[in-house]
Structure formats: structure tokens, C-alpha cells
Amino acid sequence: MSSRFPSSRSVCLAWIAACLLATFLLTAALEYDRISTAISDGLSPLAAISFWDFETTIPTLLLGLLPLLFMAAGRQTPGQAPSATQTKSARSPGLPPSFVVIIATISIAGSAVIGYTRIPTGPTFDSEIAFCELPFAYHDEYSYQLQAETFAAGRLSWPACEQFPDLFHQIHVRNQPRTVSRYFPTTGAWVAIFLPTGLPIAGHWLAGAMAACLFAASAARVASRRIGLACGLLLAVSPGIAVFSNLLLAHHPTLLCLSTFLYAYVRLKTDPSRRRWPFVAGTALTLAMLARPMTAAGFALPFGVDLLITIIRNPHARQTIIGFAVPLLAGFAALAVLNHDATGSPFSSAYQSYTDEFTPRHRFGFNNAVNTSASAGPPALQKYDEWATNLTPTAAINNVASRLMASFQWTLARVPLLLGLLLVLPTLWSRAASDLLTPAAGIHAERPDHVSCRWLVTLLLSAFVCLHLVHIPYWFDGILHWHYVFETAPLLIMLATLGWTIAAEQLSGRLGKTARLWVCAMILGGLLPGWIRLPMFQNTSKVSAAVSEQSFSRLRMHQFRQQTHAASIERPALILVDESDSDPQLSYIINPPDYDTDVLVCRLPDSAERLAQVKTAFADRTCYVFDPGSMTVRPLGD
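Every position in the sequence shown, counted from 1, becomes a number in my numbering once 274 is added.
Source of the hints: derived by calculation from the structure; they are not laboratory data.
Treat the hints with care, as some may be off.
Stated by the list, open to error - Restraint-style ranges between C-beta atoms, simulated for each label pair:
| hint | residue 1 | residue 2 | range |
| --- | --- | --- | --- |
| 1 | 567 | 806 | 56 to 66 Å |
| 2 | 288 | 631 | 22 to 32 Å |
| 3 | 430 | 568 | 18 to 28 Å |
| 4 | 582 | 822 | 39 to 49 Å |
| 5 | 371 | 671 | 40 to 50 Å |
| 6 | 660 | 375 | 49 to 59 Å |
| 7 | 671 | 433 | 44 to 54 Å |
Just so we're clear, the structure is a prediction, and the values are computed from it rather than from any experiment.
Heads up, the beta-carbon is just placed ideally off N, CA and C, and yes, glycines get one too.
Could you put the whole structure together from the sequences, leaning on the hints where they help?
Pasting the structure below:
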């Protein structure tokens with residue numbers, strides 16, 4: 275290998291130089307266009323330059339600085355043999371407990387900083403309230419909460435809503451033939467664990483911290499502890515991951531399952547004699563499929579191909595097959611039981627039956643809005659269904675572009691991640707580049723080829739591509755243009771960290787320690803506008819912008835609850851919500867799954883005859899009408 279190293283190293287250096295130059299030309303062009311547009315809109319040149327772009331300004335400055343550093347630097351020693359300490363570290367792979375504690379603490383702290391951000395609630399209500407104490411923003415979150423309450427009560431579902439089911443229909447919840455969340459069960463089961471704390475979102479904070487540690491441990495096993503720590507820290511401070519840790523959605527439980535799957539799979543490949551790892555990997559993948567099936571399939575597909583190749587090469591790997599098959603079969607059996615309870619058929623899930631009946635335009639596939647049956651739900655739900663646009667090839671391409679851009683933007687920042695992704699590619703064709711990611715030159719002599727960094731990069735890149743491919747047949751690009759491919763975040767960070775390491779090792783031959791400092795500056799330059807409000811970023815940050823966007827719906831729900839639970843409301847009460855001109859993205863029809871509460875909420879009937887029937891059926895409750903436009907409550911009849 276040593277005889278081929280110089281040529282491989284030269285090719286790697288040429289690739290790094292080309293990537294750096296191309297990235298600089300791209301960002302410089304974007305900066306020039308931004309400044310020119312601002313000046314043409316009337317800003318002075320100084321004002322146009324003083325307000326920076328989140329994604330391009332700092333990377334452009336740092337890339338422009340790099341040639342100056344080269345000119346100022348003296349020739350350094352190309353590299354040194356690893357020390358005994360480094361070799362020992364490499365031959366004892368894994369993440370030390372101290373690293374785990376650091377990563378988990380920073381991750382939870384970042385989530386809590388967002389969760390306890392104080393949100394002004396207006397002059398009529400409380401002056402401020404913590405973001406995590408506000409009601410949820412999305413219909414999905416209330417559905418997951420209902421699912422968690424169902425499991426916490428020891429149930430699979432609740433009896434059907436017998437009186438006026440269309441008026442009590444909660445979006446993303448079936449109330450016929452049983453009352454049940456439409457979603458798959460892993461998320462509800464995870465949230466149910468944390469319901470007694472009074473802060474269920476803390477479960478998502480913990481899931482994010484555990485996932486960061488497990489992804490870091492996987493990188494440490496294949497590459498080095500230093501790289502594993504870097505991956506874990508970047509996952510812990512990712513602005514997008516921290517924002518989503520404060521949304522009661524399926525992403526963080528899924529992320530935890532997928533990180534467990536990846537770690538177990540790496541352990542399986544590095545230590546195939548241990549019988550537990552196939553079972554752990556299979557169980558984690560099963561739980562991920564019972565949270566977000568399409569995401570789990572896209573993530574795991576490359577690993578499935580790799581496992582198939584391994585089994586073909588080793589037909590006696592019966593233990594591996596059983597370890598994966600048993601949990602998967604158990605998962606399908608559990609899903610069949612849940613399906614039968616919810617819909618009456620083991621082969622029809624609540625998710626699919628809900629889509630077919632109430633949101634047919636939201637289905638997967640092209641031309642989703644063509645020749646589609648009308649929604650069977652109430653008018654507000656019909657509006658929600660009609661919100662879906664038709665998916666055409668052009669729209670699909672635009673969605674992919676939006677998801678790609680948002681993936682880089684919210685995971686960390688576009689330019690640093692794109693550069694890191696490009697810089698890791700030499701590992702696919704250069705053994706020298708792969709060896710740069712391990713601290714001991716002879717490490718690969720003790721490991722099979724299939725657990726080299728090249729192997730890891732190939733699978734992570736393939737999983738990244740597959741996650742985007744499997745979501746092409748959906749019309750919506752996602753929350754923050756991202757959430758359908760949210761689970762690409764750890765893949766991007768792991769790949770980029772490996773790429774940055776290659777660049778730092780190669781550039782250090784000329785720049786010495788300055789190369790690592792420059793790489794760190796590029797990473798911090800991407801993180802800074804993610805978290806910190808500074809004047810050059812117009813006194814905002816990515817996190818604050820996301821919190822502000824999410825707070826709008828949360829504040830509306832908070833005001834609704836303040837109004838309908840005020841002391842002036844005679845209880846028991848029935849709140850009739852006038853949805854005639856309401857936003858289909860914001861429904862106030864939310865009740866406990868057993869409907870046992872002193873303040874029930876339903877839709878205002880569209881006819882006087884039906885309204886009289888409702889008043890008769892709920893004669894024991896005082897009826898009020900809520901107007902979402904004015905956010906006011908008045909007694910029925912006023």
C-alpha cells in the first residue's frame with residue numbers, strides 16, 4: 275500500500291483543492307448576487323455588506339482566507355506515525371463514558387434552551403410562557419398525545435364516538451369504528467413513558483441525546499474516538515434536530531431506533547461472534563418501522579443489501595438471519611393485532627384507512643389529486659384534504675430540491691455540510707483517504723475490509739440517497755421543507771465529519787495545526803447563525819425563526835384554552851367551534867379519548883335543526899360558541 279500512497283495522496287489533494295475552489299466560486303457568486311440585489315433595491319453598499327446571509331457569508335470569507343494561509347505558512351512535515359497512545363486508542367474502539375456524558379448533556383441542554391424560550395403571549399393573557407408549556411402546533415402532535423394516553427391507560431383503542439362523530443372528529447384520529455390515533459405505535463409507546471412527568475416532550479429530548487451518543491459510538495467503532503466525539507457533539511448542537519426535539523412528532527423516537535440499529539449493525543460486523551447484535555439490530559429496525567415505515571425502509575435498504583451479500587458469502591450465518599427475522603415477524607404480528615382492533619381487519623392499518631376515507635388527496639404517488647374520491651369528513655377536513663396539491667414530475671423535482679437544501683440548512687449549514695460531503699468522496703476510491711480516518715496505520719490489518727471507513731461511507735451515502743428517493747412520491751415537501759427526510763441529519767453529519775477529517779489531515783502537511791483550526795472555524799461559522807442572534811444576521815437566528823414560526827399556532831391554541839377554561843365558563847360546558855371560515859391547518863377540536871371532561875369541544879353544526887339536536891343530546895352542559903376569527907367565546911344564542 276505504501277508504494278501506491280503518493281499517487282493516491284496526490285489524487286486526494288487534487289480533489290480537495292477542486293472542491294474548495296468550486297465551493298468558493300459558488301458562494302462568492304451567491305454573495306455577489308445578494309449584495310448587488312440589495313444595492314439595486316436602494317441600500318447603500320455598506321448597508322448591503324453589513325447584513326450577512328445565514329448560509330454563504332461566513333463560508334465565503336473563510337474560503338477566501340485559505341489561500342492567504344497557504345502563502346503565509348511554511349512547509350510542514352507531511353505526517354507522522356501514530357503514537358503508542360493513538361494506536362492503543364484505535365485498537366480499543368468505542369466511546370468512553372466521559373464522551374457519552376458530554377454529548378448527552380449538551381444535547382439535552384440545547385433542547386431545553388429551546389423548550390424554555392420565553393414566548394410573549396400578548397396583553398390579554400400571561401405576559402410570557404415557556405415554549406414547551408404551550409399547547410402543540412400540529413394536528414399530528416395531538417394525535418400522538420392521544421395515542422400515548424391510550425397506551426398509558428392499558429388500552430389499544432377506545433370505544434367509538436357514538437354521538438355526532440363528524441362534529442367531534444379530531445384530525446388524524448379515527449373515532450369510528452374505534453377511537454384511535456391513525457399513526458403507528460412506537461411514538462405513542464415512547465411518549466407514554468414520560469406522561470407521568472407532566473412534560474412528555476422531555477422524552478424527545480432524551481431520545482435525541484441517546485441517538486447522538488449511539489451515532490457517535492458507531493463512528494468511533496469504525497473510525498476513531500476523536501471522530502466519534504466530533505459526530506456526537508455536532509449532532510448535539512444541530513439547530514434543526516434541537517428544534518424538532520420540541521415537537522411531539524415521530525422523528526426523535528425513530529432517530530433513537532435507527533441509531534440503535536446502526537450501532538448494533540456495526541457491532542455485528544466488527545464482532546460477528548456475539549449473538550445478541552443481530553437481535554438488537556432487528557428489534558431496533560422493527561421499532562423504527564412501527565414509527566415511520568417509509569423512513570425505516572429507506573434508511574435500512576443499503577444495510578439489507580450488505581447483509582444479504584454477507585449471508586450469501588457465509589451460508590451458515592443462521593444466527594444472523596434468525597436475529598433479524600424474529601423481531602420483524604413479531605413486529606408484523608403486533609401491527610396486525612393493532613390493525614384488527616382499530617379497523618376490524620389485520621391487513622388494514624388505521625393510517626391507510628384514514629387516508630382512504632378522509633384525506634385521499636394526501637396519499638403517496640403521482641397524480642394524487644386526479645380522479646380522487648371526495649373526503650368523507652366535515653367541511654373543515656375537506657378543506658384540509660383539498661390543501662394537497664397534485665404531484666407531477668416537475669413538482670417532485672422541486673420537492674427533492676427543497677428537501678435537499680433544507681436538509682443541509684437545518685442539520686447544520688449548507689456550505690460546510692456540502693463541502694464535507696464532497697471531501698469524503700475520496701474514501702470510495704482511495705484506500706489512503708480511508709486510512710486517514712483511523713489513528714493507527716495498521717488498524718485495517720486487524721479489521722475485516724467490510725468495516726473500513728470506505729464501507730461505512732458507502733452505506734451512509736446510500737442511506738442518504740434512499741431516504742430522499744423513497745419520499746419522492748409525496749406531494750408535500752415537509753415541515754420546514756424538511757421533515758420527511760429529517761433522519762438524513764445524522765447521516766450528513768457523520769459523512770461531513772469524515773470529510774472534514776480527511777481535509778484537515780491532508781492540509782496539515784502545509785498548514786500544520788492551522789488546518790484543523792480552519793476546519794473548526796468553517797464548522798462554527800455554520801453553527802453560529804443557527805443559534806446566535808447577531809446584528810449582522812438581522813438580530814435573528816435559525817432557531818429563533820423556527821420557534822417564532824411554531825409559536826403562532828401554539829399561541830392560538832393557548833388563547834383558545836384560556837378562553838374556554840376561564841372562570842366565566844359554566845361547567846360542564848360544550849364549546850361549539852365555528853369553522854365556517856377557519857384555517858384548515860388549525861383545528862380546535864381536541865378532546866380526551868374517553869370524552870370524559872368538563873369542557874367538551876365540537877364543531878358548530880351547519881343547520882338549526884342539527885344544532886337543536888346537539889343541545890338536546892348535551893342538555894346537561896352549557897353551550898358556548900367559539901369564533902376563531904375574533905378568538906372570542908360567547909354563550910350560544912347571544
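Evaluated hints:
At about 38 Å, the beta-carbon gap between residue 567 and residue 806 misses the expected band of 56 to 66 Å. Taking the beta carbon of each, residue 288 and residue 631 are about 58 Å apart, not inside 22 to 32 Å as hinted. Taking 18 to 28 Å as the suggested C-beta distance range, the pair residue 430 and residue 568 conforms, at roughly 23 Å. Hint check: residue 582 to residue 822, Cβ distance near 47 Å, so the stated range 39 to 49 Å holds.
Separation of residue 371 from residue 671 is about 47 Å and conforms to the stated range, judged on CB atoms against 40 to 50 Å. At roughly 50 Å, the beta carbons of residue 660 and residue 375 sit within the given window of 49 to 59 Å. Look at residue 671 against residue 433: about 46 Å separates their beta carbons, and that is inside 44 to 54 Å.
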